[in-house]
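Protein chains in written order, with this note's numbering: chain A, 1 to 114; chain B, 1001 to 1112.
For the record, the hints were derived by calculation from the structure and aren't laboratory data. Owing to the predicted nature of the structure, the values given are computational and were not obtained by experimental measurement. Heads up, the beta-carbon is just placed ideally off N, CA and C, and yes, glycines get one too. Hints should not be assumed to be uniformly reliable.
Unchecked claim - To give an idea of the chain B side of the interface with chain A (calculated C-beta under 7 Å), a few residues:
no.	residue
1	P1007
2	L1044
3	L1046
4	Y1086
5	K1099
6	T1100
7	G1103
8	A1104
9	R1107
10	F1109
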Amino acid sequence: ETGVTQSPTHLIKTRGQQVTLRCSSQSGHNTVSWYQQALGQGPQFIFQYYREEENGRGNFPPRFSGLQFPNYSSELNVNALELDDSALYLCASSRPGQGAREQFFGPGTRLTVL
Amino acid sequence: AQRVTQPEKLLSVFKGAPVELKCNYSYSGSPELFWYVQYSRQRLQLLLRHISRESIKGFTADLNKGETSFHLKKPFAQEEDSAMYYCALKGGVYTGGFKTIFGAGTRLFVKA
């Protein structure tokens, strides 16, 4: 069983640009959540996808959007990047039967917005 | 408001000493509480959850609904316990259970 992977590892963008971050869930995990972790803070919930549909969202504006694909991969898209979007972005997947309770985290993508 | 508070950013103890990492929460309903751990250069991983009532790596945590706390304890700290610890809350399935709220984390440093 392979773990959750994320790409790229690091990314530098400028204010106003758009970015796409990718996540590959563990096989059989049909639930994926995305988190933003600013320096010195705990992860903050962005949204969750279940069977390719968003089924929950945290306090993030609509310029944060996502997609989940049938092959258990997913994307986080951020439009009109702002300096405060600089953070570590984590994805976490869960398998059915656990009520999405235990989450398996990826290593994260470090986004820097200049 | 749903909130998880970890009052200590850093906790430093000697090897063999007892450890208690504090976690308080605010949630209207019956949440599920978790402790996640991140060792150096490793990814965030689940340590334990209150519904399992288990002891993992010598750590235990008891949910105290009266005090809305879920403190993590270990009677004798080991150097390999040095890590970042996050307390997290997840609502019940019918009350926004999709959302996990994390505390800001406590860095535990166990000195030799």
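Tested hints:
1. P1007: violated, 13 Å
2. L1044: holds, 4 Å
3. L1046: holds, 5 Å
4. Y1086: Since the shortest Cβ distance to chain A is 5 Å, the answer is holds.
5. K1099: Result: holds, 5 Å to nearest chain A Cβ.
6. T1100: holds, 6 Å
7. G1103: holds, 5 Å
8. A1104: holds, 5 Å
9. R1107: violated, 10 Å
10. F1109: violated, 16 Å
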